[in-house]
Amino acid sequence: MKQHQDITRDRELLLGLAKGEDKSLEIIYSENFPVVLRMILQHNGSEDDAKDIFQEAIIVLYEKVQNNDFTLSSRLKTFLYSVCRHLWLKKVQRTYGLYSLSPELEEVIPATEELEAHQAKDQEFRIMEGAMSNIGQPCQAILEDYYLHKRSMQEIAEKFGYTNAENAKNQKYKCLMRLKKLFFDQYNTSL
Amino acid sequence: MKEEMSLLRDIERYLEGEMSEQEKTAFEELRRTNPLINKQVEEHQLFLLHLGNYGQRQQLQAKLNRIHQQLDMPALRQQAQESNQAAKRLSIRRRTITNLAAAACIALVTSLSTIAVIQNVTRNKSTAQYEDVRRVLNNIQRSQNALINDINSKSKAPLNPGTYGGTGFAVSGNGYIVTNYHVVAGADSVYVQNTKGEAFKAVSIFEDISSDLAVLKIADSTFKSQPLPYALKPQSVKIGEEVFTMGFPRDEIVYGKGYISAKTGFNGDTTAYQVSIPVNPGNSGAPLLDSRGDVVGIVTGKQTTSDGIAFAVKSAHLKHLLDEMPKDKQPRKDWNHKSHLEGMNRVDQIKKLEDFVYMVKVYN
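Protein chains in written order, with my numbering: chain A, 1 to 191; chain B, 1001 to 1364.
By construction, these hints were calculated from the structure, which means they are not laboratory data. Bear in mind that the values here come from a model prediction, so they are computed numbers and not experimental data. For each residue, glycine too, the CB sits at the ideal point set by N, CA and C.
Listed below are the simulated SDA-like cross-link pairs for lysine to any residue, each with C-alpha atoms no more than 20 Å apart in a straight line:
1. Lys180(A) x Leu1015(B)
2. Lys51(A) x Met1073(B)
3. Lys169(A) x Gly1017(B)
4. Lys169(A) x Arg1013(B)
5. Lys19(A) x Leu1049(B)
6. Lys181(A) x Glu1003(B)
Non-contacting residues of chain B with respect to chain A, defined by C-beta distances greater than 10 Å in every case (computed):
7. Val1041
8. Thr1305
9. Pro1326
All chains, full assembly: derive it from the sequences and hints.
What follows is the structure, given as structure tokens:
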């Protein structure tokens, strides 16, 4: 019964997360981080490792709820914990080869399928991130302002000191073309 | 360059819905007719999607970092360390206990199996080489003899062939019979049967466990006494002397011939001989006679590890035993006379002897 209630609450939290409510995110974060921190520390990780791993798990969760087809079958805590274990296992394997795998880590609750989709998305994100950091300023700022922060061209023109919106727009197209080129170069070779 | 840019601009305007109706239809027409442009449009859509995802994720990460900064890290750290230490202590303790238990189990198993092996070995050493030659009778061996006996005689011997069987021989004319102790040990009732098939009830009146001998007395009114044709030889015989025996390894009397091969028995037992003679289960208690027809020993057992090595208690020992028996139980001392069998050939000896050799049947 208690478990059932817990899962109901977890589902509500996830609903909030899907809508982008900061409150839900905060609750999920602060309730689950300590457990993960303990687990990572126990397996010779640092606090920064714990933070990275946990945030990646949250991102996985976020991607899932964004897709709408995600139904929580276990408690949220269990889900996050197993995803974190899995991520940490991968990271340890990546860094140390086959060395130093504690036996408890091997018995991971299967979280592989959750992570496969995430890895593809993560890859795309890294490519975009790389492309963005390569186009340099002010291109990056202009594009971010326009596409991500949804500012109008007028605002952007004022912020960056263009004489009018049309000039800013031209600049934006130039930047956009470079970004697209950088992105697709990487994107097509990596796929 | 210029063209690309204007195309990009068109695509953007098209996707963002900034085109007028006229422009839009023209552009859609263009998309339809020019696959290259169409591809560009799709590519741009994909790109915008990725860009959107990128933005979302960046935003999310920013939020996460902000939340993370609000956490009370020192407290969390301490908490985690404490619980980890507790868990470690517990796991160490558990591991130690498990290891200890495993070690104890191994030690226990090892010592037990060692004991078992050693016991087995010692037992093999002492007994496996020596085997009583009493016979275990089963129902299949219910014999013709028994049936004939049942029809012809009025003796009341049970039809059942008994549980164990051995051989015995008379040491006096009036019904005293010597056999092996192990044949009659634990018996409820004992019957002796001669070669004619007559069975008599007998009781064990004297037993000597150390030399494995027992004296039976026939307690049956139908028994008629007759003089013994042989004597008990008081001296021990020499090595190499030819001996023969008669016993009941089956329901028929069986003759066997051999020689004395050593003056001591199993494990240096001085009251016995080692005899090279074929013996089988059922030969226990059979008389061992020399060529003159004197009893020189009683077959008791054989060595299992090699064939043809049997053991027989010396007749001198038997005589000694008979002398020591309580006076009221003592058999008539008619074994001291000279043997009537001397000088006869073996066939005649056997013919005379077989009346005094009995099959001992034991019921328990």
